[in-house]
Every structure is written in C-alpha cells, then in structure tokens.
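Please construct the entire structure, taking both the sequences and the accompanying hints into account.
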Amino acid sequence: MTPGDAEFRGMSLPARWASRLGGKVRRAFAQLGSISWLLSGCLRGLARLEPEQRRVVAEVTRRQIRFTALDALPICLVTALLLGGVTLLQVFGQLSAYGVESYLSQLLAQMVIRELGPLMVGVLVIVRSGTAMATEMASRKLSGELDALCASGIDPVQYLLLPRVLGGVVSMFSLVILFDAVALLGGFLVAWLRLPLSLPFFLGALGQAIGHRELAATFTKCLVSGGAIPLLCTAYGLRVKRSPTELPQAVTKACVASLLVLLLTGALLSVLIYA
Amino acid sequence: MPEPLLALEAVTLLSPGGRTVFRALDWRLERGGRFHAQGGAGAGGTALLRLCAGIAEPESGKVVLDGVPLAAGARLHPFLARGALGWVPSDGGLAVNLSLLDNVVLPLRFALGRGRAEAERTALDWLERAGLGPVRHERPAVPGNRDCWLASLARAAAKGSRLWLVDRPQGGLDPASIQAADEILREAGRDPEVAMVLVGSPWMAGLGQELKIGKGRVGPGGEG
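Chains as they are written, first to last, in our numbering: chain A, 3 to 277; chain C, 12 to 235.
Derived by calculation from the structure, the hints in this document are not laboratory data.
A portion of the hints provided could be inaccurate.
Said to hold, decoys possible - With a straight-line cut-off of 25 Å between C-alpha atoms, the simulated SDA-like cross-links for lysine to any residue are: (1) 223/C / 89/C; (2) 243/A / 77/C; (3) 243/A / 203/C; (4) 243/A / 73/C; (5) 243/A / 70/C; (6) 243/A / 53/C; (7) 243/A / 223/C; (8) 226/C / 202/C.
Said to hold, decoys possible - Which bits of chain A does chain C cover? Going by a derived footprint, with three or more residues having C-beta under 8 Å, they are: (9) 49-58; (10) 150-159.
For each residue, glycine too, the CB sits at the ideal point set by N, CA and C.
Next up, the structure:
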C-alpha cells in the first residue's frame, strides 16, 4: 500500500501518508495478535497433551534439541573461546592503565555471563535454527503438508510448534551455560599468557562475581529468547500464502524480528535486574 | 431425517484467482454414502474435497461435518481430531521429513493414542497391502508420487477412517497399484457406516454412485 495507490485517490497528500501509517500500525497489531494466538495455542496444547501425544512431542523435542544445540556446539564453542580471549585482551588494556588488573576475572565474568553469553548464543540460534524453522514452516504450508496434518487429526501447534519452543528453551539454556564456561576459559588462557594469574585465583574471583542474580538473569533470558525465537520464526514462516517467492521474505522478517526481540528483552531484563 | 455426516449449506467457493467454483451449493453426504465424482479437469472435484476436509474456506455458507461446523482458524475439528477423516490428496500430503512408515504411524499415535509398537504393526500391515513394504523406510521424495498417494491411502485405512476424501493420484497408477488401491478401498467400504467421495480416476467408478460436478453445481449423475 503506497500513497499513490488507487484507493487513496482524491485524498490530500497528508491524508494519504496518515492512511499509510495507519495501515502499518494495523498490520503490526495483527501480527502481534497472531503471535499471541500461537503462544496461547502452544500453552493450551501443552496442557491438553494425551500420554501418547506427550511421547511423540518428547521425541520431536529431542530431535529439535539435537539440531539446535548439539549440531551448533562446534561453532558455539569456537565463538565463545575467541570472544572470551578477545574480550579479555580489551578489558586488560583498560584495567592495566589504572593498575587494577586484579578485577580482571570479575569484570570478564560479569560481561560474559550477564550480557555476552545470552546475546551471542541468541544470535547463533537465530542464524542457524530460526532461519531453518521459518523456511521449514513456509515450505510445509506451501506444499499443503500442514493441511494434510490437520486432516489426519494432528494439531500442528502441538506437533510442530510446541516441540520447537520447548527444544528452543532447553537448547538456549544448555548452549549459554557451555558458551559462558568456554568464554571464561578462553579469557583465562589469554590472561595466563600475559599475567602471573593462577587458575585457583581466577576461579575464586569468578565465584565471587557470580551470584544468584547472574544465574536468575541467565535463566530468564534463556527462557524468554529460547521461547520467542522459535515462536517468531514459526509465525513468520506460517504467514506465507501461495507463492514460493514469499519464502525468503518470511525468513528475513523472522530473523529481523527475532533479533529485535532478543536485543530488547536482553536490555529490558538487564535494566530490571541490575539497574 | 437422520443427521448427515457432511452437509454443505449454501456454500459459495471462489478459486484463488477469483473465479466462482461453487455458487450457493447445498449438498449432503449421508453416513455410508459412496460417490465417485465425474467432471473434467477444473470442474471442481478437488475443490469439493478440499471444502469437505475444511482446507478450502468458503466465501459464504458453511460446511457441517458430523454436526459441527468446520471453521477456519478454530481448534482442530473434533471429527478430525479423532482421526476419522481419511484425506488422500493427489500428492499424498505426506510429511517429507518422515519415512512412509512414520507417516502412517504418526496419526495412529497422535490422533488415536495407540502405542508405538501397535501403531507400527498396523501401519506395516496396510503399507504391505498397498505394495509399499520394501520402501517403507524411504522418505516421500524417494519413492515418487504414486507411492506417496498409496501411502496416504494406507494411512487412511490404518486409522479406520469414517469419511474418505480421495483425489486422483498425480501421474496415474500402474495396474498392480490400481489393484492394491481398489482392494484397500473395497475393504474400507465393507463397513456400512463408512462414507466416501472419490474424485477422478475411471477405475474408481465401481466404488460409488456417480456424482456430477460442473458449472458450480454438484449432484447425482445426470442432475449436475
């Protein structure tokens, strides 16, 4: 819809722009509504699962965890090791200027555990699994597979969406724990090369830096972004209607929306917990 | 008058391009009713099946299945949730990431609540009757359209469907496959409560009363 469209003929230019803006707001709310509908369907679907359905959902969830967590492990660990090392190098330069290198491990732990871990893992999950989920859902919809599932008596929300959301939360949590551990190890290795730093001292300082708040923040961020990424990517994938040309658009929108949600929820939670 | 299994009430259906496929269509399918739809390509046979399965949404009017209207966007229809619909589209409508066996097993477990071992036994039995025993572990992309359609037929049979909506197989069938499909449909038809709407292939003609589809109308042979 553009201000030059036929339906706006006869309107003044400001009125056309206002109509265009109104259309965008309406679409944004409609989108939010459909995502909320999927989320509530997911929760209702979880509550209504029969015993055999639960076993099927568990099998699909296990498969999802393999794709999202296990298959992402190499890239996740390499990124964590490099990020931990590079972050420490930067922090070390700043701290040594003030002669307070003893705070090195505490600062590193807080940066990695509070912010970098959940953020980087979220980005990796979006890039690897979110795009795959959006593409998969869009192709299933275009090929009529979703219709066939419904006609066969299988609720797509329970069978397709629920395992992806559950798998997303579990994968995100597992990956963040491993990411944090490896990033801190990478940081220690770099520090050990440049400073007379012993492992017991480093671990002791880490223990002091990690409290209940850090664990609660990590858990909350994993829960929110681990659930939101599959939900958004699935929702955008399901929005395709008829043409395969809609598929790349759906995947791009899914990625952008997931990234925005990841950044916004991360920032909001950090402000709420640490401010 | 007993309640029909399926009723189309004043249904108007438009094609994606905006052409009227059915206009104010009223049609009833009683329990045990068997129809074989005639009509050329584009007459509306597939559209009728999609309407009856709740996949195509009518422009106006309503489709009532087993006493409950089919509504788009609502929760899974109770008749569908019970696994009572045997939906056999042209391409089989199978999940591409599952083997033929798992495609048949899935609704048995999910909709009918059967255990994995029992579901696999039943699925294997019907896949073998469809001549698909040797390719049961293949995914749909490997065996081709004919086998996907047959697997879909086996899935409908394994579930003990009460209403069969069967579209013509994509690309046709060889004589052995026709015989296997015919036997499966006749076996299902032994139950007097089972209703069927079969579209397209001439070999299906003996399985039900003729149904004329065309000019936006549906009716018994000659009344179309």
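Against the structure, the hints:
no., hint, in the structure
1, 223/C / 89/C, "29 Å, violated"
2, 243/A / 77/C, "29 Å, violated"
3, 243/A / 203/C, "39 Å, violated"
4, 243/A / 73/C, "22 Å, holds"
5, 243/A / 70/C, "17 Å, holds"
6, 243/A / 53/C, "21 Å, holds"
7, 243/A / 223/C, "31 Å, violated"
8, 226/C / 202/C, "33 Å, violated"
9, 49-58, "holds (count 6)"
10, 150-159, "holds (count 8)"
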